[in-house]
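Same order as they appear, the protein sequences are chains A and B.
Residue 1 is where the first sequence starts when you use my numbering, and the numbers rise one by one after that.
Residue 1 is where the second sequence starts when you use my numbering, and the numbers rise one by one after that.
These aren't lab readings, by the way, just hints derived from the structure by calculation.
So the derived list for chain A, only partly shown, Cβ under 7 angstroms to chain B, looks like this: (1) F16; (2) M27; (3) T29.
A virtual CB, placed ideally from N, CA and C, is assigned to each residue, including glycine.
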Amino acid sequence: MSLITNNKFVNFFKGFAVTGKQPAKPMITVQYPEFKRPKPERSHGRHVLNRYEDGMEKCIGCELCAGVCPARCIFVRGADNPPDNPVSPGERYGFVYEINYLRCIHCDMCVEACPTEAITESKLFEFSFTNREDAIYTKSELVVDDAGKPKVMPWEDWKPGDDKNTSAWVRATAPSGRADLEGVPLWSGELGYGVRPAQAGQSDAASPEYSADFDISMRDAESAELRGAGVSAERNVRPGGPS
Amino acid sequence: MILADTFSGDPAFNHGLSAWAWLIVVVKVLVVFVALQGLVVFMIMFERKVIGRLANRPGPNRAGPNGWLQAVADGLKLFVKETLVPSTADKFVYRLAPVISLVAAFVTFAIVPVGGVERFGTYSTRLQMADPPWGILLMLMASGIGVYGVMLGGWASGSKYPLIGAVRASAQMVSYEAALGLTVATVVLLTGSLHTSAIVAAQHGGFLYHWNIFRAFGAPAAFFFIAVTAEMTRPPFDLVEAEEELAGGYNVEYSSVGFMLFYFAEYVAVITNSAIFVTLFLGGPDGPHIAGTDVGPLWFALKLLVMLYIYVWMRATLPRLRYDQLMDLGWKRLIPGSLALLLIVAGARISWRWGLAALAGSILAFVLLAQAIDVGRAQQEGEGMLSELDAP
Numbered sequence: 001m002s003l004i005t006n007n008k009f010v011n012f013f014k015g016f017a018v019t020g021k022q023p024a025k026p027m028i029t030v031q032y033p034e035f036k037r038p039k040p041e042r043s044h045g046r047h048v049l050n051r052y053e054d055g056m057e058k059c060i061g062c063e064l065c066a067g068v069c070p071a072r073c074i075f076v077r078g079a080d081n082p083p084d085n086p087v088s089p090g091e092r093y094g095f096v097y098e099i100n101y102l103r104c105i106h107c108d109m110c111v112e113a114c115p116t117e118a119i120t121e122s123k124l125f126e127f128s129f130t131n132r133e134d135a136i137y138t139k140s141e142l143v144v145d146d147a148g149k150p151k152v153m154p155w156e157d158w159k160p161g162d163d164k165n166t167s168a169w170v171r172a173t174a175p176s177g178r179a180d181l182e183g184v185p186l187w188s189g190e191l192g193y194g195v196r197p198a199q200a201g202q203s204d205a206a207s208p209e210y211s212a213d214f215d216i217s218m219r220d221a222e223s224a225e226l227r228g229a230g231v232s233a234e235r236n237v238r239p240g241g242p243s
Numbered sequence: 001m002i003l004a005d006t007f008s009g010d011p012a013f014n015h016g017l018s019a020w021a022w023l024i025v026v027v028k029v030l031v032v033f034v035a036l037q038g039l040v041v042f043m044i045m046f047e048r049k050v051i052g053r054l055a056n057r058p059g060p061n062r063a064g065p066n067g068w069l070q071a072v073a074d075g076l077k078l079f080v081k082e083t084l085v086p087s088t089a090d091k092f093v094y095r096l097a098p099v100i101s102l103v104a105a106f107v108t109f110a111i112v113p114v115g116g117v118e119r120f121g122t123y124s125t126r127l128q129m130a131d132p133p134w135g136i137l138l139m140l141m142a143s144g145i146g147v148y149g150v151m152l153g154g155w156a157s158g159s160k161y162p163l164i165g166a167v168r169a170s171a172q173m174v175s176y177e178a179a180l181g182l183t184v185a186t187v188v189l190l191t192g193s194l195h196t197s198a199i200v201a202a203q204h205g206g207f208l209y210h211w212n213i214f215r216a217f218g219a220p221a222a223f224f225f226i227a228v229t230a231e232m233t234r235p236p237f238d239l240v241e242a243e244e245e246l247a248g249g250y251n252v253e254y255s256s257v258g259f260m261l262f263y264f265a266e267y268v269a270v271i272t273n274s275a276i277f278v279t280l281f282l283g284g285p286d287g288p289h290i291a292g293t294d295v296g297p298l299w300f301a302l303k304l305l306v307m308l309y310i311y312v313w314m315r316a317t318l319p320r321l322r323y324d325q326l327m328d329l330g331w332k333r334l335i336p337g338s339l340a341l342l343l344i345v346a347g348a349r350i351s352w353r354w355g356l357a358a359l360a361g362s363i364l365a366f367v368l369l370a371q372a373i374d375v376g377r378a379q380q381e382g383e384g385m386l387s388e389l390d391a392p
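Throw the hints in and build the complete structure from the sequences for me.
This is the structure:
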């Protein structure tokens, strides 16, 4: 028996069976510009400057983001709030806020440094500007609009729903790292969204939101339309989340 | 004289060398030439699409309807690119080499019978460009000339890397040409004629049953298939170009049109050699009649498509051979194997006693050969080539 099953000659043709069977399986290719896979919740993209629910800006002009930035792409200057028409709650506000996206490496350290959760990263990475001026995002481009949505530049490719995850970068875990704070929102609300709900905790292995293996989970979640017509989305679903 | 011989098999000339007969020849030449070019474009797309599906992806799907114009786009792109001629190149030979490759690839199709004899008014002609008395030898001649295209291309580039690539390529092609010639000789022995039309006619009658692929236990077909695949440097024998690990071969100094012609020649060779395989082993246009009519060309096209699919399938499946594996396969297995096969078939043509004698002799020779290879291998391991080079 082993002469047949483990025969070089037979194995040679088994290889042809492996490739020959592929056309019967669904393609895993996603037709990218038309269809896009959902982005991971914690992916890093273009920044936004958030505002409180009452419309006040969160940025206080402390320049911690600029100080921590390893690429030195952030330029911030703070100024005292005008007493009659304050921009942010508190003493000072971000008067100038510029990010040079020719330098930014999307490390998210500015987001971690920010004491007021003013700067967060959206999931948008498809913003190919064509000149250096467009590369430098000024404050007016970074601050969310009156509905709390990020402003859309002409060269940015936002898809519906992309603005859903513009902030709350630590939503799955407790900011302090304490397990008993898991699932407890410790962040302020935002204009247009309120206090965003906590993600399922990272110790919640069954949660589909937290998966160490994003590719597999996304592949399961995607519908056939993401891959174009006529392809079924049946894949092996990995049971029980991350192991 | 040669010209008359070439077309002597064509019934169009039964009424003498008239202008109409020549017109038929010219039309046939044009049809084959244009059809082959169309087939090449089709083959490139077919290959990329099928390989895509075999690798669980869609393949090119942007240019034109479902991506089928991708090959045209690639060709146009290559065509408008700058033609770079290295300053050290032999300019004339550098430009000539791709043309040699292309002509050698094209010319083989002349002897492929696409169908039987067709009537056009008073003239009848074979659906075959030419049926010369030397027949299938034209294919061996063309593949021999094809080596010159590769060799001259690498040499004329005036750079050492193409030269190394050309030496590698021509060594491979020359090695497998011997096995190719021996297997073709076996088929000629089985059929008793060099005429491709006669080889096809001998396989007629009884679908599948009389095809050469089943004669002599399929050994000639298998040997021929391997040899011809190596001869035209298709995967898994494509280490002539080996984009992934060797970054090209004889054609690295070629760009634009020259590169395109080499590329084109490669695909023409795939099609013509598949057609030759169909002719020699799959009965050419042989197949059951549909609705009472002989649809030879249809069967031929179908068989050709199956062959092309097999080549694509092989490319999607098999890893590339190492150079020593390639040479081992050629010199230690294919050439002795096809030589033994030729002897056995030749003996069997005389009488079964001679056949058995040749078989016994071949087995004895193979035992000796295996011994010789073992001895050689032991010697190499003891004082291998590398240690010899390192020695002071």
